[in-house]
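Protein chains in written order, with the working numbering: chain A, 849 to 1084; chain B, 849 to 1084; chain C, 849 to 1084; chain D, 849 to 1084.
Check the hints yourself; a few may be wrong.
[Claimed, not checked] Heads up, simulated DSS-like pairs for lysine-lysine below, C-alpha to C-alpha not over 25 Å straight-line: (1) A:Lys1070 to D:Lys947; (2) B:Lys947 to D:Lys947; (3) D:Lys1070 to A:Lys1070; (4) B:Lys947 to A:Lys947; (5) C:Lys1070 to A:Lys947; (6) B:Lys1070 to C:Lys1070.
[As the list claims (entries may be wrong)] Some chain B residues near chain A, calculated using beta-carbon distances under 7 Å: (7) Ser868; (8) Pro896; (9) Thr899; (10) Thr901; (11) Ser924; (12) Lys947; (13) Arg956; (14) Ala957; (15) Tyr989; (16) His992; (17) Leu995; (18) Thr1000; (19) Asn1018.
These are calculated hints, taken from the structure and not from any lab test. For glycine and all other residues, C-beta sits at the position ideal for the given N, C-alpha and C.
4 protein chains.
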Amino acid sequence: MVAEALRERVCRANVALAASGLVLETFGNVSGADHDAGLMAIKPSGVPYDTLTPPDIVLVAIESGDLVDSALRPSSDTPTHLELYRAFRCGGIVHTHSKYATAFAQARAPIRCLGTTHADYFRGDVPVTRPMTEAEVAGEYERHTGLVIVETIRTLGLSPSDVPAALVANHGPFVWADDPAHAVETARVLEYLAEVNLAARLINPDEPAPDRFLIDRHYLRKHGARAYYGQKPRAS
Amino acid sequence: MVAEALRERVCRANVALAASGLVLETFGNVSGADHDAGLMAIKPSGVPYDTLTPPDIVLVAIESGDLVDSALRPSSDTPTHLELYRAFRCGGIVHTHSKYATAFAQARAPIRCLGTTHADYFRGDVPVTRPMTEAEVAGEYERHTGLVIVETIRTLGLSPSDVPAALVANHGPFVWADDPAHAVETARVLEYLAEVNLAARLINPDEPAPDRFLIDRHYLRKHGARAYYGQKPRAS
Amino acid sequence: MVAEALRERVCRANVALAASGLVLETFGNVSGADHDAGLMAIKPSGVPYDTLTPPDIVLVAIESGDLVDSALRPSSDTPTHLELYRAFRCGGIVHTHSKYATAFAQARAPIRCLGTTHADYFRGDVPVTRPMTEAEVAGEYERHTGLVIVETIRTLGLSPSDVPAALVANHGPFVWADDPAHAVETARVLEYLAEVNLAARLINPDEPAPDRFLIDRHYLRKHGARAYYGQKPRAS
Amino acid sequence: MVAEALRERVCRANVALAASGLVLETFGNVSGADHDAGLMAIKPSGVPYDTLTPPDIVLVAIESGDLVDSALRPSSDTPTHLELYRAFRCGGIVHTHSKYATAFAQARAPIRCLGTTHADYFRGDVPVTRPMTEAEVAGEYERHTGLVIVETIRTLGLSPSDVPAALVANHGPFVWADDPAHAVETARVLEYLAEVNLAARLINPDEPAPDRFLIDRHYLRKHGARAYYGQKPRAS
């Protein structure tokens, strides 16, 4: 039951990702996790989005990495997702090769927080990892991709829920959230932020950052105990 | 009756805004005012555009800021809109995070008047506000956002009907007009002007501005007593 | 009969222009001419494209500029079109505010011939006019817009059929062809060329121009007596 | 039978190319080859994509260049395709004037390998040819276009299957693959790579290239005997 609900949500989020225009060919994938059940569900490798149905979604045990009751191969990025679930205990992860976020990853430049829309989703710059070493790439490459993301967030002293994304150098963005649908929304916003950021740099290379108090105001307007954006949850 | 007609027009303008591609997720909102009735109608906060119906539109008394006969929370930007209605007595306001206008806001650069299309809508550069102070942000932040727009237009000695938009530094554009539908049209044109402006800068960083007489000719061709663009109003 | 056929073709070309995405709001217009009948047909001013029908198209006598059997006001750009028909004896004219061509007009930079696609349509750079004088703008502004285009083509010693477009400084592109449909096609290609040109400049500011013999080869592959592109006209 | 199957595949790939948004007007073409039958099938010259049916596809003998059982003229680029089939023995070729790849061709700059998506398709930079000489352009121009591509790949010591594309200077991209459909996919990816590449340059002009071991890892993850991307071929 838990597994089927998770597959259903992950399938729907993958379809939403494809509809968002963020994916090129079959690149990109969404996964979701149920930490109580110890399960991750993820897109199968190289399968077109338009034929994807919930039974195609591959189940993997988060701790062991073993396949659970699945016929298809999981996304080749599966070990990356697993490391992020283990470290961040998030509920959904998206990986894309979306144009502008990928351009920042290729330029090895963080997506700087230049405005209030950025601050509504990320409480500061979206960082870029260091390049991976030859040993990391030669061995368990995809697992080390996850580890270098975790290292980046921790080295910079960031909270993974305050800054729920990172750019893998010369590769592309990984985004996480409390569930797969929110991770897709955050990936869409990240691509928008990257595109606006590049335009702002071209207009003014000095790109004046907003004051810290403005970033915090916007972030806290939407997140946490004193959020006042949107409709109040109904009291039943 | 007045209230229902206003809600209807504001709802339609919000749907038009969403269809224009200027909004990201649920960011962006349109309001409209009936100054005789002392009422403003505005989009509810965080409600998706595709389910919006006229009864969802929130009514607010312009002078007091009190909610009138409304179940939903108004847009969190409501105090900004109220300050603009009080100062400019316009009939419609649009706020978006549209890409290129937001990039100019993040770069803290005005959208310079470089051509006749700009002059058809704005009689000069579209200005950018100063950054807001910590006290302004910490307190009634959204109200101060409106006040800093009014301050910008007044300090520059501009007529709010000649230059019906401003960019809030590190935030995005606010646009006003005589009614909500025209405000949406002006917001669409502003985004086009920002995109063309950036391209013109990249082609020629010296961006030669048109002569003042060309700007005035175009502005007055569409506005005021001697306008000759479009069809003559029918004499009944 | 001649008039109705012309109205029909011009109406269809205006609808094609709107579908091309080159026009902003009601900006932009297509006209066509029948020089034997001495008639030009043009879009009415400020009328939305989606409701346009052949009877709305306005007929104007090319020589006198008088309206012929028409209820609506013609496009405010009518005097510009008339000057171009008088000087170039072309069969169709398009004016747009398409983004990239307008950006070059605002930057007062010609669209340089950098490749074979450009040479397939234009045998050299697409020029930009000088800025108009205060006297030209204050008086018959739209007529002088046409005259400054004609002056530009003649001063540069260009053939208007070899280089069937010009950018009006700080305004936008005018494009002409043997008929309205081809003028719309040429306007679409011009916008593509402008966009590619800007990207090429950003990649390599030295933008190496192709050799003259390559330009001529491509231009003559599609135009003139020895053209060999496309299917041969059927011998009946 | 062989001929009809080839025409069918080439027709379908041309329709897919048009749907991809990579072609401007009637520019661009896809061909396919059956080397056992000694046949190439290619789009007819100047025929719109939306009316294309398999019998319109033109058959050409690869060795002699003679037309086989075809009523329409083949694409004017036919001699280019023939030279590539003779030299590379590939199964499908695409030529487009897609915007960003064409901009790199006009700037005479290679599309540098800056990331893993690039490495998934091309094991290194996509090169640009030298400009063609006056003698090459004056004579069998289209044939020499093919020869200069072959010269570029060979002079750089590249394997045409490792780097299955080249940019013709001041012209545009040619892409090849094992069959027409894959050539269209590769052309779509090339355009994406060119666009991302330009954005990365604008963000960071030093554009740090990925390490060789990362490029090889990604290329070999999808190609060759140890590929592990996608689903395993079914054992029958």
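Interface hint check: Arg956 of chain B, Cβ to nearest Cβ on chain A, cutoff 7 Å. Holds or violated? It holds, given that the least Cβ distance between Arg956 of chain B and chain A is near 5 Å, below 7 Å.
For a C-alpha distance cap of 25 Å, please report whether Lys1070 of chain B and Lys1070 of chain C respect it. Distance ~42 Å between Lys1070 of chain B and Lys1070 of chain C Cα, so the pair is violated.
Hint check: Lys947 of chain B vs Lys947 of chain A, CA-CA at most 25 Å. Holds or violated? holds, 15 Å
Holds or violated: is there a CB of chain A closer than 7 Å to the CB of Ser868 of chain B? violated, 15 Å
Under the criterion that the straight-line Cα-Cα distance not exceed 25 Å, is the pair Lys947 of chain B, Lys947 of chain D satisfied? holds, 21 Å
Please verify that hint: Thr899 of chain B, Cβ, nearest Cβ of chain A, below 7 Å or not. violated, 12 Å
Has the given pair, Lys1070 of chain D with Lys1070 of chain A, been kept, meaning a C-alpha gap of at most 25 Å? It is violated: about 42 Å lies between the C-alpha atoms, which goes past 25 Å.
Pro896 of chain B as an interface hint toward chain A, with CB separation required under 7 Å: With a closest approach of 11 Å, the Pro896 of chain B hint is violated.
Mind checking the alpha carbons of Lys1070 of chain A and Lys947 of chain D for me, to see if they're no more than 25 Å apart? It is violated: about 40 Å lies between the C-alpha atoms, which goes past 25 Å.
Hold the hint about Ser924 of chain B up to the distance rule: shortest CB distance to chain A must be less than 7 Å. With a minimum Cβ separation of about 5 Å from chain A (threshold 7 Å), the hint on Ser924 of chain B holds.
Hint consistency between Lys1070 of chain C and Lys947 of chain A [alpha-carbon to alpha-carbon, up to 25 Å]: violated, 36 Å
Hint check, Thr1000 of chain B versus chain A [nearest Cβ-Cβ separation less than 7 Å]: violated, 16 Å
Hints 1, 3, 5, 6, 7, 8, 9, 10, 16, 17 and 18, counting from the list given before, are not met by this structure.
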